[in-house]
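So the sequence lines, in the order shown, correspond to chains A and E. Take the position in the first sequence, starting the count at 1, then add 24; the result is the number in the working numbering. Take the position in the second sequence, starting the count at 1, then add 51; the result is the number in the working numbering.
To be clear, the hints were calculated from the coordinates, so they are not data collected in a lab. A virtual CB, placed ideally from N, CA and C, is assigned to each residue, including glycine. There's no promise every hint is true.
Claimed, not checked - To give an idea of the chain A side of the interface with chain E (calculated C-beta under 8 Å), a few residues: (1) L51; (2) T55; (3) K65; (4) F66; (5) M70; (6) I80; (7) G123; (8) Y124; (9) F126; (10) G127.
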Amino acid sequence: DTAVSQTPKYLVTQMGNDKSIKCEQNLGHDTMYWYKQDSKKFLKIMFSYNNKELIINETVPNRFSPKSPDKAHLNLHINSLELGDSAVYFCASSGRIYGYTFGSGTRLTVV
Amino acid sequence: ELKVEQNPLFLSMQEGKNYTIYCNYSTTSDRLYWYRQDPGKSLESLFVLLSNGAVKQEGRLMASLDTKARLSTLHITAAVHDLSATYFCAVDHAGAQKLVFGQGTRLTINP
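Bound conformation, chain A alone (with noise of 0.2 Å):
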């Protein structure tokens, strides 16, 4: 079974448009997080949940708005996309005990 789940894989959009990203994790972990990886590779943190609570919330235009129902989901919706939005973003868990799990990631392609 996956740890790290998240839908879709592929995300093709226009301009404007809002998508939504889910995440779902079976570890059991309190902590889930979202990360943005740019064209350069670079990975950088957007949120992170601890126990479906907001902890981290970095910097990140309103337009992306996370929702966590449980501790086990954290899913990313995001408002009138641009075309800066194009990213991959990688939906993330941990536990008490040292480790992050990462999901496969979603490729987003705004056109």
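Chain E: place on chain A using the hints.
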């Protein structure tokens, strides 16, 4: 603010040679991680280094940590083509519940 810097950013080497990737970080950290990423894939955890002087080895890869110097190294011994990938170090920001990544080192191993 925690900063993590890797060098080199690009590394092209021949099979059979040895080389080292360096990872410097700017503030005290709990743990240091090394990840491998193949093109279009997710992040694969290679090593977690927890304490000063920690050394871990897996196959042709060996990672070490010097917390006093705030430096970790990833040493590649007798490189083979299959090790071609991008390697990231990441530091667990103490108390902040987030991973801060280096820029990544794109390693190409030529026959």
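Results for each hint:
The closest approach between the C-beta of L51 (chain A) and any C-beta of chain E is roughly 13 Å, which is over the 8 Å cut-off, so the hint fails. Given the 8 Å rule on beta carbons, the hint for T55 (chain A) holds: about 6 Å separates it from the nearest Cβ of chain E. Below 8 Å, beta-carbon pairs count as interface contacts, and K65 (chain A) has one with chain E at about 5 Å; its hint therefore holds. Against a cut-off of 8 Å between C-beta atoms, the interface hint on F66 (chain A) holds, since the closest Cβ of chain E lies about 6 Å away.
With 8 Å as the threshold, the beta carbon of M70 (chain A) stays out of range of chain E, its nearest partner Cβ sitting at about 10 Å, so the hint is violated. The beta carbon of I80 (chain A) is positioned within 8 Å of a beta carbon in chain E (closest approach about 6 Å), and the interface hint is therefore held. For G123 (chain A), the interface hint holds, the least distance from its beta-carbon to any beta-carbon of chain E being 6 Å, beneath 8 Å. The beta carbon of Y124 (chain A) is positioned within 8 Å of a beta carbon in chain E (closest approach about 6 Å), and the interface hint is therefore held.
At about 5 Å, the closest approach between the beta carbon of F126 (chain A) and any beta carbon in chain E falls short of 8 Å, and the interface hint on this residue holds. Annotation: interface hint on G127 (chain A) holds; nearest CB of chain E at approximately 7 Å, less than 8 Å.
Of the numbered hints listed earlier, those contradicted by the structure are 1 and 5.
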